[in-house]
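Colleague: Listed below are the residues making up each chain.
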Amino acid sequence: MELIVSFDPEVMEITARTLRIAGTSCLLASLISLPLGSLVHFRRFRGKRVLVNIIQTLFSVPTVVIGLLVFVLLSRTGPLGDLDILFTPAAMVIGQMILITPILLGLTISALSGVGKEVVETATSLGASGFQLALLSLKEARYAVVAALILGFGRAISELGIAMMVGGNIRGFTRVMTTAISLATTKGELELALALGMLLLLLALVINIALNRLQQR
Amino acid sequence: MKQISIKTKVIALAVIAIVVIAGVTMMGRPPALKVATTSSLYDTGLWEYLEPKFEDKYGTKLHIFYAGTGIALEYGKRGDVDAVVIHDKPREEQFVAEGYGVERVPFAYNYFLIVGPSGDRAGIKGLCAEDAFSKLMETGSGDFVCRGDDSGTHAKEKAIWQAAGFGYEAVQQAGAWYIETGRTMGPTLLMANEKNAYTLTDNGTFLAYRSDLDLVPIVETGAVLLNVYSVIAINPERHPETNVEMANDLVYFLISPEIQGLIGNYGVAEYGVPLFMPCAGQEPEE
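Chains X and H, in that order, give the protein sequences. The numbering of the first sequence is my numbering, which starts it at 1 and goes up by one. The numbering of the second sequence is my numbering, which starts it at 1 and goes up by one.
Just so you know, the hints here were simulated from the structure itself, not pulled from any lab data. Since we're looking at a predicted model, the values are computed, not measured. There may be inaccurate statements among the hints.
Unchecked claim - Facing chain X, from chain H, some residues (calculated, C-beta under 7 angstroms):
| # | residue |
| --- | --- |
| 1 | R29 |
| 2 | D43 |
| 3 | G59 |
| 4 | T60 |
| 5 | F65 |
| 6 | R78 |
| 7 | D80 |
| 8 | Y178 |
| 9 | T181 |
| 10 | G186 |
| 11 | P187 |
| 12 | D212 |
Using N, Cα and C, we set each Cβ at its ideal position, and we do this for glycine too.
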């Protein structure tokens with residue numbers, strides 16, 4: 001507890017890094033998911049139901065499997081080894097994006113399904129373009145969309161498997177809160193581990209409150 | 001409706017700009033020496049102690065991954081690290097012989113020991129390690145917690161079972177008293193402590209954890225218990241992208257008289273005895 005109260009510089013640095021990495025993953029994933037989700041929702045095509053089923057199945061991929069996949073891809077002898085980004089924050093962002101993009105995508109689609117037909121019909125009759133229609137619908141469904149963002153961010157900030165496998169828990173470079181908690185537990189420093197866990201929840205609370213404020217505007 | 005879209009576009013652009021800036025600043029890897037190390041050297045805090053000294057001396061960052069010897073060797077084979085620091089002589093020699101490593105350089109050693117509950121239920125105190133294992137196997141009268149993670153410690157345990165005349169598969173199937181954790185040394189000690197069980201541990205990790213444990217040393221004699229730590233630079237012929245110069249710096253750093261002295265004194269202030277004995281590039285006598 002002292003570490004939090006006294007703003008221990010290493011804890012603060014780990015916290016900032018955690019937020020930066022999870023935030024970047026969440027932003028990039030939402031930049032993909034919101035347009036793509038709108039596209040899937042508004043277009044009619046064969047196999048749509050199957051696609052949605054696949055997306056929803058990907059909600060349950062274990063983080064350690066994604067970690068392994070990204071590791072094999074980015075490893076020196078892997079297909080993307082020349083990028084030389086294994087064991088960097090960039091690799092963690094890639095892994096977390098793979099983790100949360102299906103969640104954001106699936107929840108965007110179901111959020112849009114909740115928008116009333118009359119809204120869509122009115123907008124269409126007023127001559128709204130596809131882009132405007134999507135924007136309007138996302139705005140109508142903002143409660144569900146923000147809830148999806150919160151869930152995606154929460155999943156990114158709390159995952160351990162990817163951060164450990166492709167980040168490597170390097171002190172001062174890729175150590176984030178979950179890997180720090182894991183290390184503290186390994187070292188038998190249970191109080192530190194618990195304090196970090198509480199700090200993580202506290203952060204999640206603050207972010208939730210901020211995002212909820214935003215959607216009420 | 002147009003108003004919304006302009007505003008949104010501005011926000012979207014701002015968001016993308018932030019993301020790109022954040023992404024670019026994060027993508028770059030600072031020049032760093034990547035080292036995969038056995039977890040016992042990390043759990044004892046030795047690396048945290050040596051890391052800033054290396055960074056100051058050579059002006060380069062040290063990126064350390066702690067893992068069991070098995071996964072550390074795998075990182076090395078793939079060229080994902082520049083050097084490995086591990087403790088399993090047969091596998092190290094094989095690693096060098098297969099051309100993955102330049103040379104095996106021992107730099108420190110200590111001893112393994114069998115620790116267990118002070119009551120010594122199985123009555124193995126005073127035996128040598130092989131006889132102690134035989135007794136556990138034959139009587140099944142004490143629980144034994146095994147690393148089970150292909151680490152150097154796990155390899156040593158298997159070697160002792162072999163020396164005691166048991167096939168490892170037979171041991172794994174011997175009964176509920178044989179518990180495989182798949183975890184690193186620290187958590188394995190904590191589990192043995194909870195279960196009042198025996199386990200094989202390196203001396204350094206045991207001393208570092210001792211204040212949290214009720215376990216006591218039971219068996220600590222025998223040449224088989226010698227535990228040697230080596231550093232191996234990854235062979236640039238196999239992986240030209242690895243940084244063999246910096247890796248060699250690390251090798252010379254670890255066997256330099258100054259650092260050897262620090263290793264020999266590490267832990268004395270806290271535990272009263274050193275956790276590691278320096279051996280400057282020489283194989284210690286058994």
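Colleague: All hints are to be evaluated individually against the structure, with a verdict given for each.
Modeller: Here is how each hint holds up against the structure:
1. R29: Hint holds; R29/H Cβ to chain X Cβ min 5 angstroms, cut 7 angstroms.
2. D43: holds, 6 angstroms
3. G59: Violated - the Cβ of G59/H stays beyond 7 angstroms from chain X, reaching only about 15 angstroms at its closest.
4. T60: Given a least distance of 13 angstroms, the restraint on T60/H is violated.
5. F65: holds, 5 angstroms
6. R78: holds, 5 angstroms
7. D80: holds, 5 angstroms
8. Y178: Where the cut-off is 7 angstroms and the nearest Cβ of chain X is about 23 angstroms from Y178/H, the hint is violated.
9. T181: Status violated, d = 12 angstroms.
10. G186: Holds. Min distance 5 angstroms.
11. P187: holds, 6 angstroms
12. D212: holds, 5 angstroms
In this structure, the earlier hints numbered 3, 4, 8 and 9 are contradicted, and the remaining ones agree with it.
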